[in-house]
Amino acid sequence: MRRYPYYQELKALARDVRARHSLTSPRVLRSDMRRIYRGEGIRIDLWQYRLRGLRGAYFNDEFGPTVMVAAGLPSEPMIFTLGHELKHHLVDRDSAGRFCSESNRDDAIEIGAEIFAAELIFPEEDFCRQMAAMGVEQGQCAAETIVRLKHETTTTMSYAALAKRAEYLRFAPEDSLQAVKWTKLAEELYGEPLYKLLIRSRGRRHR
Amino acid sequence: MDLFEHVGARIRELRTKYAGAGISQEALAKAVGVATNTISRWETATYRPTVEDLDKLARFFGISILEFFPREEEKEDSDIAALLRAARKLDPRDLVELRRYAEFRRVRGLYGGELRGKPGRKRKVP
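Chains as they are written, first to last, in the working numbering: chain A, 1 to 207; chain B, 1 to 126.
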C-alpha cells in the first residue's frame, strides 16, 4: 500500500462525509456523530467498564456493524474515537473487526483512521484558511496560536491533534508543541472556564 | 425447557454452587445492583434478564456471558478469534474487555429480540 495516496483518499472521503451530513464547522459534537452513525446504520455501545489503552473497537459480522467506545472518555476524545471507528466502517468493513489502542497505533490502517477522524472534524483546508486569517505563516505558530485557534473556532479537535497538524503542515517547527500544558496555557490566556469557577464558588458557599 | 427457563436454571445453579457453599439471593442481588426478588424471578423465568444484567452476572461469577445459554453446535467464530489473536499486544485487562464485548454483542445478536429490557411476567391464561 502506498501510504500518501491512501491518506489523501481518506481525507477526501472525510470531506465527503462532512458534506453528506451537513457538517459545516470544525465544531463537531457527539450529537453530530450519533446522527452520522444512525445514518450509516452503525450501533454505538458505550462500554461502562474500565479500559486501559483500548479506546474503541469496530465489529461487523452477521450481527451488524457496532462500535464499542469507552463510556468514560471525555467529549473530545470520544468524538475523535467515533470518527476513527467510522473510517473502519467505511473503508475496512470487510475485516470483521478492529480494535484501536496504543499497541497498534503505527499500523497504516490505524494512522489512516486518525487522519480521517482529524479531517472529519476540522478539514486541513479550513485549518490553513484559519491560520491565514490569523496572520500565521509557516514556522510562526506558537503554542499560544493553537490556543487562540481553538478558542476562535470553538473546534472540538483536541489541542494535541491541532498541535500535531500545525507541525505536520510546517506552521510550527517539528516537536515544538509536544510538551505544552494546554489547559494551563488556555487558562492563562482566557481565564478559568465557567465550570471551574462554579465549582470553586460552590466550595466556598459550603465552607 | 424454553430459553429463559434454561437461563434461570443456570443462574440458580451458579448461585447455589458459588465458591462451594453458594451465595444467597440477597447477596447476589446486592452484588449486581438489583432487588432481591428480581434474582428469584430470574431464576423462575418470571422475569427476563437483559443482556446487560447477564453481563453483570457473568462478571460476578467470573464466567463468559455465553455460558448462560444452551451450548450450540456452532462454528467457532473465526473472525472474532482472529481479532482477539491480533489483539494479543493489548493490556491483558483490555483483552478481557474486548472478549466480553464480542460475547455481549453475540448474545444480543442471537437472543436480543427475546432479551428485552422490560420484565416479562408470565401470565396464566384464564
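FYI, nobody ran anything at the bench for these hints, they're computed from the structure. Ideal placement from N, C-alpha and C gives every residue a C-beta, glycine not left out. Check before you lean on any hint, since a few could be wrong.
Listed below are several chain A residues computed to face chain B (Cβ distance under 8 Å; list not exhaustive) [stated by the list, open to error]: (1) R3; (2) Y7; (3) W47; (4) L54; (5) A57; (6) E62; (7) P65.
According to the in silico footprint, chain A covers these stretches of chain B (three or more CB under 8 Å from chain A) [said to hold, decoys possible]: (8) 87 to 95; (9) 98 to 104.
Evaluation of the provided hints:
1. R3: violated, 20 Å
2. Y7: violated, 22 Å
3. W47: Constraint on W47 of chain A satisfied, holds at 6 Å.
4. L54: Holds, about 4 Å.
5. A57: Holds. Min distance 6 Å.
6. E62: Status holds, d = 7 Å.
7. P65: violated, 10 Å
8. 87 to 95: holds (count 6)
9. 98 to 104: That given contact holds, which follows from 5 residues of the segment 98 to 104 of chain B lying within Cβ reach (below 8 Å) of chain A.
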